[in-house]
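Protein chains: 2
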Amino acid sequence: METMKVSSSSVPSKVAGALTCLLREHPQVTIQVIGAASLNQAMKAIAIARGYIAPGGQEIYCIPSFYDLTIDNQTITSLRLNIEMHEKLF
Amino acid sequence: METMKVSSSSVPSKVAGALTCLLREHPQVTIQVIGAASLNQAMKAIAIARGYIAPGGQEIYCIPSFYDLTIDNQTITSLRLNIEMHEKLF
Numbered sequence: 001m002e003t004m005k006v007s008s009s010s011v012p013s014k015v016a017g018a019l020t021c022l023l024r025e026h027p028q029v030t031i032q033v034i035g036a037a038s039l040n041q042a043m044k045a046i047a048i049a050r051g052y053i054a055p056g057g058q059e060i061y062c063i064p065s066f067y068d069l070t071i072d073n074q075t076i077t078s079l080r081l082n083i084e085m086h087e088k089l090f
Numbered sequence: 001m002e003t004m005k006v007s008s009s010s011v012p013s014k015v016a017g018a019l020t021c022l023l024r025e026h027p028q029v030t031i032q033v034i035g036a037a038s039l040n041q042a043m044k045a046i047a048i049a050r051g052y053i054a055p056g057g058q059e060i061y062c063i064p065s066f067y068d069l070t071i072d073n074q075t076i077t078s079l080r081l082n083i084e085m086h087e088k089l090f
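From first to last, the protein sequence lines are chains A and B. Numbering of the first sequence is given in my numbering, commencing with residue 1 and proceeding in unit increments. Numbering of the second sequence is given in my numbering, commencing with residue 1 and proceeding in unit increments.
It is worth saying that the hints were derived from the structure and are not from the lab. Be aware that a few hints might be false.
The list treats identical chains as interchangeable, and a pair is accepted whether it falls inside one copy or across any two copies.
Under the rule of at most 20 Å between Cα atoms (straight-line distance), these lysine to any residue pairs were calculated in the SDA-like manner [what the hints assert, rightly or not]:
1. K5 / R80
2. K5 / R50
3. K88 / S10
4. K88 / I63
5. K5 / D72
6. K88 / Q28
7. K14 / F66
8. K5 / E84
9. K88 / S65
Construct the entire structure; sequences and hints are all you get.
So this is what it looks like as structure tokens:
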């Protein structure tokens, strides 16, 4: 599984391009974010990427989960987004 | 389709409970958020709600999209999360 890290300064359209590229080669991609601002950029990127893959009849499904991270001996809980691309099912 | 509004001061565990309840009665639920902090609370709530429905072999799928909102004659673009609960497919 491929992992992307998105920060608060990431440009959503560029992340969307990279995500689309990864999803075309791998069935699952994980996006790691720390903080609300990074999550915001990641979710915008997913919304943009949906437009890139929509002409192929595909849809992006996002499943959020928590993960623990240790930075400077402090444990913080952040979000991980599991992204999957599938034919529109629902 | 049911719509929920999540703000930056919403408590994720409570939103998770309400979301689980709605998903058990409706096939699709929409969460509207304005701003990164609200989105953060909503995504935390979805991650928590996954735990509530996991024992039933179900999974929550989230699909973000943009929507335009007019507040005080200003148009702002915000995120809408389409939430669907299905048996674990992938």
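Outcome of the hint check:
1. K5 / R80: within (9 Å within a copy, 22 Å between copies)
2. K5 / R50: Classified as within; 19 Å inside a copy, 23 Å across copies.
3. K88 / S10: neither (28 Å within a copy, 31 Å between copies)
4. K88 / I63: Intra 16 Å, inter 11 Å, cutoff 20 Å: intra and inter.
5. K5 / D72: Result: close within a single copy only, 19 Å intra versus 36 Å inter.
6. K88 / Q28: both (16 Å within a copy, 15 Å between copies)
7. K14 / F66: between (25 Å within a copy, 17 Å between copies)
8. K5 / E84: within (16 Å within a copy, 25 Å between copies)
9. K88 / S65: between (22 Å within a copy, 15 Å between copies)
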